[in-house]
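Chemist: Chains as they are written, first to last, in this note's numbering: chain R, 1 to 395; chain P, 396 to 778.
The hints are simulated quantities; they were obtained by calculation from the structure and are not laboratory data.
Cβ coordinates follow ideal geometry from the N, Cα and C atoms, glycine included.
Some hints here could point you the wrong way.
Calculated lysine-lysine pairs in the BS3-like style (CA-CA distance at most 30 Å, straight line) [as the list claims (entries may be wrong)]:
hint, chain 1, residue 1, chain 2, residue 2
1, P, K587, P, K538
2, R, K289, P, K538
3, P, K772, R, K30
Partial pick of chain P residues on the chain R-facing surface, computed with a CB cut under 8 Å [what the hints assert, rightly or not]:
hint, residue
4, N397
5, V464
6, Y682
7, A691
8, A713
9, L716
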Amino acid sequence: MDLSYTPEQEEFRKEVRSWIAEAMPAEMKKHAQDGANFEHSEVMEWHKILYAKGWAAPNWPEEVGGTGWDVAQRSIFQDECVRANAPSLSPFGLSMVGPLIIQYGSDEQKKRFLPKILAGEEIWCQGYSEPNAGSDLANLQLRAEKDGDDYILNGQKTWTTYAQYADWIFVLCRTSSEGKKQEGISFLLADINNTPGIDVKPFLTTGGTLAFSETWFKDARVSQANRVGPENGGWSMAKALLGHERTGIGGIAESARGLTQTKEIAQDTPVGKGTLFDDADFRRRIARKEMRLRTIEIMNLRALAAAQVGHAPGAESSVLKIVGTELQQEVTELQMDALGHNAMGWLDSPTDALPSSQQSIASQFNYLRAATIYGGSNEIQKNIIAKQLLRLPSA
Amino acid sequence: MNFDLTEEQQMIMEQVSKFVANESPVSRFRELRETDQGWDSKMWSKMAEQGWLSIEVPEEQGGFGGSFVDVAVILEQLGRGLVPEPFIPSVVLAGGIFKDLADEAQSEAFLTPMIEGRTSLAFAYAEKQSRYDLSDCLTKAEKSGDGWTISGEKVWVLNGHAADQIIVVARTAGDQLDESGLSLFVVDADAKGLTQVRTPGMDGQRTAVVRLEGVEVGADRLLGSEGEAFATVEKAIDRGAAAACAEGQGQIRELFERTVAYLKEREQFGVPIGSFQVLQHIASDMYAEMELCGSATILASIQADNPDAEARKRDISAAKLQLSDGGWFVQENAIQLFGGIGVTDEQDEGLFFKRLRVLSGLFGDADAHVARFQSLKGFDAID
Chain R
1 MDLSYTPEQE EFRKEVRSWI AEAMPAEMKK HAQDGANFEH SEVMEWHKIL YAKGWAAPNW
61 PEEVGGTGWD VAQRSIFQDE CVRANAPSLS PFGLSMVGPL IIQYGSDEQK KRFLPKILAG
121 EEIWCQGYSE PNAGSDLANL QLRAEKDGDD YILNGQKTWT TYAQYADWIF VLCRTSSEGK
181 KQEGISFLLA DINNTPGIDV KPFLTTGGTL AFSETWFKDA RVSQANRVGP ENGGWSMAKA
241 LLGHERTGIG GIAESARGLT QTKEIAQDTP VGKGTLFDDA DFRRRIARKE MRLRTIEIMN
301 LRALAAAQVG HAPGAESSVL KIVGTELQQE VTELQMDALG HNAMGWLDSP TDALPSSQQS
361 IASQFNYLRA ATIYGGSNEI QKNIIAKQLL RLPSA
Chain P
396 MNFDLTEEQQ MIMEQVSKFV ANESPVSRFR ELRETDQGWD SKMWSKMAEQ GWLSIEVPEE
456 QGGFGGSFVD VAVILEQLGR GLVPEPFIPS VVLAGGIFKD LADEAQSEAF LTPMIEGRTS
516 LAFAYAEKQS RYDLSDCLTK AEKSGDGWTI SGEKVWVLNG HAADQIIVVA RTAGDQLDES
576 GLSLFVVDAD AKGLTQVRTP GMDGQRTAVV RLEGVEVGAD RLLGSEGEAF ATVEKAIDRG
636 AAAACAEGQG QIRELFERTV AYLKEREQFG VPIGSFQVLQ HIASDMYAEM ELCGSATILA
696 SIQADNPDAE ARKRDISAAK LQLSDGGWFV QENAIQLFGG IGVTDEQDEG LFFKRLRVLS
756 GLFGDADAHV ARFQSLKGFD AID
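Next up, chain R with everything else stripped away, as it sits in the complex (with noise of 0.2 Å):
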């Protein structure tokens, strides 16, 4: 056994790091230091810079796009793009409709989609959940009736991402209601700017941004040509798309920022005739989760090693997924407990009061419940290993 990346692993990085350095534009960078929420102008800048280097899709084949890298690399290129604080890219095109057209379209839907999604042409927002239908995803109503060569869609979508951005929207709508719910769910594509009856409304959520949307189909028409597989076959496409969704949920990375602008803070606030950092009781309590948040690395790293040699995902990436946001929602947490009397600040806090590098901590802490929430809430995690692991009876 081994801990240690090879010679080569190693220069990979060097050159990712370095590079990362060099493409970020100064003000990006500025923001970056400063661990601002980034607007949209800015992850599309940078989607940009990464397409003209060919980096946009890793995880892509390398024949659409993807840059040939193994496990061990997309990984260490997450790792320092987390690093250096560069913006994330939408995920909704590169790592979930793109993938699921790379597997299940059409060659005219390949042809169609992909060139755009991989240049940042066409932002994509992906319309699964309902107000009655979270966890419960099968029972979702969107209706997508026939009508010639189209399905006519009514119906509701909300939690859509940044879908005030988006130029298409992916959804799972009902196509059919005999037999179990999951039978009836075909997987549609729909252009938001061209299609009337659609309509995007942003809401706020307490971190203060209007991350996500009500989305509302009024009669909208779209074409059956924009059906991905068959009608009626969008549920296990969806379940697939998922899996994706849940590997890198963890939040190691971000932990790991987080807990080394904890010490930065730490060390900046004077208490006494010392600092914060000096304090043996918060010292130990960010030592706890840098302790923690190392054996959740090892577990993660093990995964990534086995899914270097093919071994799909299964039961055990959602261990990954509720131990990584619960020790992510913490570290927010312990951020929040080294601003002291400065986490009543809020975004655009005037410098007088608060630091600029400081003023995204609050919106993140607030934000960052929803860790536990997304990407199958932590007690659906639960569900999913007791049920399909350790096969425990059901009720």
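On the provided structure of chain R, position chain P as indicated by the hints.
Modeler: Below, chain P without anything else, positioned relative to chain R:
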């Protein structure tokens, strides 16, 4: 980056697993915990025959030439059976010290008989007042002729009651809490002036209070350089911590598997209790902590051999914390989910529970490792 067992390690694992199932199931532990010695010399010889006691000894000296990962593979399986033979004190603690510091004559005299299964060993370091501070040492070794005279008292010496030789940490210079000035001596258990007070432990194993009153040792009983033992002592205890993670992992797996089996078979209100969602979620949480303990054991096993002491200390502390926190979660919930019978001596779960709690408190408890982690250089360095 590789986390797979080699083919050889797989074989060792299967070998030890079979051995435990056939020759040392938990029922054997129950019998032995009633005896004075608490373990069986004939079984110790058998373990030597299997090559397990010489697992780390270099091939050119007749051993297996293995790493700590091999040690961990053996320990996890032994842990499943609560096998009481003194593997940790003899092989991990004293054996490791001999490997690092013994000269040829000392190796021949003290290590070889142990790896051949003819003797067992102990390492005496903790004192009544020392808690987990390895530098806190009142036991003194005063120069007398070519040798030394040792006086003091050590507590909770694993296998201290039965060992043939005991490696003792004694102060040859400096004040009570100084890291410098500590030395290691090989003392015969039957030396004049040495008394052992056998102490049965909560986990059914035996330790001893070892009292030294003017015990005389020759120059050939000093291991390594006088006054410079501290780094070796730290390393030995880190190896102990890694060993605790590995042995504990065996017990954690046993507790988890037995709990899940019980949830499926125990019925109340006309249904298996494993159908209750609250218990399902507890079982899932136990699974998560067990898997984290497995990862911690791998981390500790790899890092036990790391010559970079700072890196070794960081990661072994992280791993030992997981044993204390995550292992505790598994063991407390195992008893809870077994209900009333979990608190009987008749059920095996209580035996695993007690051994795990002992392991948690050995070689640094959770608080001690958190304190150490944040005192290391790497903690202050902001990347």
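Chemist: Give a verdict on every hint.
Modeler: Hint by hint, here is what the structure shows:
Restraint check for P:K587 and P:K538: the C-alpha separation of about 17 Å stays at or below 30 Å, so the hint holds. Taking the CA atoms of R:K289 and P:K538, the gap is about 47 Å. The hint is violated against a cut of 30 Å. Between P:K772 and R:K30 the alpha-carbon distance is near 29 Å, which keeps this suggested pair within the 30 Å criterion. The criterion of a C-beta within 8 Å of any C-beta in chain R is met by P:N397, whose closest approach is roughly 5 Å, and the hint holds.
For P:V464, the suggested interface contact is upheld, since its CB lies about 5 Å from the closest CB of chain R, less than 8 Å. Contact between P:Y682 and chain R, as hinted, is supported at the beta carbon level, the nearest pair being about 6 Å apart and thus within 8 Å. A hinted interface residue such as P:A691 counts as satisfied when its beta carbon comes closer than 8 Å to some beta carbon of chain R; here the least separation is about 5 Å, so the hint holds. Interface hint status for P:A713: upheld, as the beta-carbon distance to the closest one in chain R is roughly 4 Å, under 8 Å.
A cut of 8 Å between beta carbons decides the hint on P:L716: the least distance to chain R is about 5 Å, and the hint holds.
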